[in-house]
Amino acid sequence: MRKNLFNIPAFLEGFATTLSFVFRKKPTKQYPTLKKQHAPRFHGLHELRRYGDGKERCIGCELCQIACPANAITVIGAENRPDDRRSPGERYAARYEIDELRCIFCGLCEEACPTDAIVLTPRFEMADYRRGSFIYPKDRLLVPPEAGVGSPPDERPGGIPPDLGSVAQMKSTVEIQTGYDATWRGSILKTQRKGLAG
Amino acid sequence: MISWWLIALIKSAVVLFVVITCFAYAMLFERKILGWMQLRPGPNRVGPWGMLQPAADAVKMLFKEDLTPRTADPLIYRLAPFISLITAMGAFAIIPFNETSAGIWSVGNVNAGILYIFALTSISVYGISLAGWASSSKYPLLGSVRSTAQMVSYELAMTMSVVGVLILAGSTSLVGIVHAQATLWFIVPQFVGFVIYLTTAVAETNRAPFDLVEAETELVGGFHTEYSGLRFGLFFIAEYLNMITVSCLATLLFLGGWGGPAPIPGIVWFLVKAGFFLFVYMWLRATLPRLRYDRLMAFGWKFLLPVATLNLIVTSAVIAVRGI
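Chains as they are written, first to last, in my numbering: chain A, 1 to 198; chain R, 1 to 324.
No wet-lab data here; the hints were simulated from the structure.
What you are looking at is a predicted structure, and each value in this text was computed from that prediction instead of being measured.
Cβ coordinates follow ideal geometry from the N, Cα and C atoms, glycine included.
A portion of the hints provided could be inaccurate.
To give an idea of the chain R side of the interface with chain A (calculated C-beta under 10 Å), a few residues [stated by the list, open to error]:
(1) 35
(2) 37
(3) 38
(4) 39
(5) 62
From just these sequences and the hints, can you work out the full model?
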């Protein structure tokens, strides 16, 4: 007991430590107002991309569904009709659903996709009130035609870092307010949200 | 006669308003300080620099459901928060904040002021122990048993540490004690008493590291586990008011109250000194871990009380030999 309660220098040292912490820089990020930029290859919400002529890249091959380790993806393909071609290939995805609650954001779908149709964006703010709203149907995943053409992951703003070791560094030091503007899908969603708020 | 009552009423209303405002911002300040000491920014969402946080908290408290356990003693359960709050507020009736040519800034100037304050703090034990008892639930009961034991044992040492000041000042009036410190603050001759007073005051107000009464890790919320909404808020206010009271007392007894170099008005000196003590309480909370119960009791009875008594004996002996 004496050893603990009467060790005055240790007490004073403790007080000095806490007091010095008051003047240190706080590592807190003011999150909702100030967003951290994620690494260019951050695995966030999915999106389905289009070709330059507006056609969907997805050809309904279901490879992403097979690759998905969490069984989060459901694809039901259908034949393209000659008068209404959705995709350049024979088939297109009639239904395309991702359950974002099951998804583990591993990016295997991205790798499995032969046409680079499904990609993971840096967008991560997906919180919602109902479970059902985490099952993203095709119309929520698909890039709107007026948004233009998506660039493949390797050509995203910021590019791919030369080595993965610097990813962590970029995450911690670089701050860009428009974190998820890295893809135009993100900016579309942002303007939509603004429209709702205003 | 009527005008005397009216003046006392207005004075107490002003003092209570100021003190409650101080409580609100002491709470915000404490959360800020704790945050900074833990490398967080603290509350900063409501208003600029979080300045409206107290208001938001008050609204939250007001609108929360007020629960009473089925087995609780309804009368005592409802009475207990008020005992705590009224005793905490009562102390401000006699605390002098400043002295100008117009008079002393206090609601009443009692010549047995220090005794009155100790009487009130003794009664405030009832608030906590009755709250724990009336909740008829195990954690509050444990909390209140601890609180009673702790406050009774620390109050002894606290009183002992203050008696030295009373001997030096030759007065029990708070104004008289401050006047006696015109040349030398009592922190110099009564340094031991000062340290003991600071320590016991922390225990007296149930603050960390002596907050065994609330001890979240072991007793959920201690005596106020069952309280919610505004009733809990009353305990909360009482705790902070007690903190402000002991800070003001430390200022008056040991740091010369409103005394200080002339160009700065006395009230500023008083606020700076009392604010410093408030900061020390927050600093303590951020630094020291909670004591174990038996160590707390042993520390109080086997160390603080003998040292305080020794201090009292030495002080009396010196005064007896040298005169004041």
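Hints, verified against the model:
1. 35: Since chain A brings a Cβ to about 8 Å from residue 35 of chain R, closer than 10 Å, the hint holds.
2. 37: holds (5 Å)
3. 38: holds (7 Å)
4. 39: Interface hint status for residue 39 of chain R: holds (5 Å vs cutoff 10 Å).
5. 62: At 27 Å from the nearest chain A Cβ, residue 62 of chain R fails the 10 Å test, so the hint is violated.
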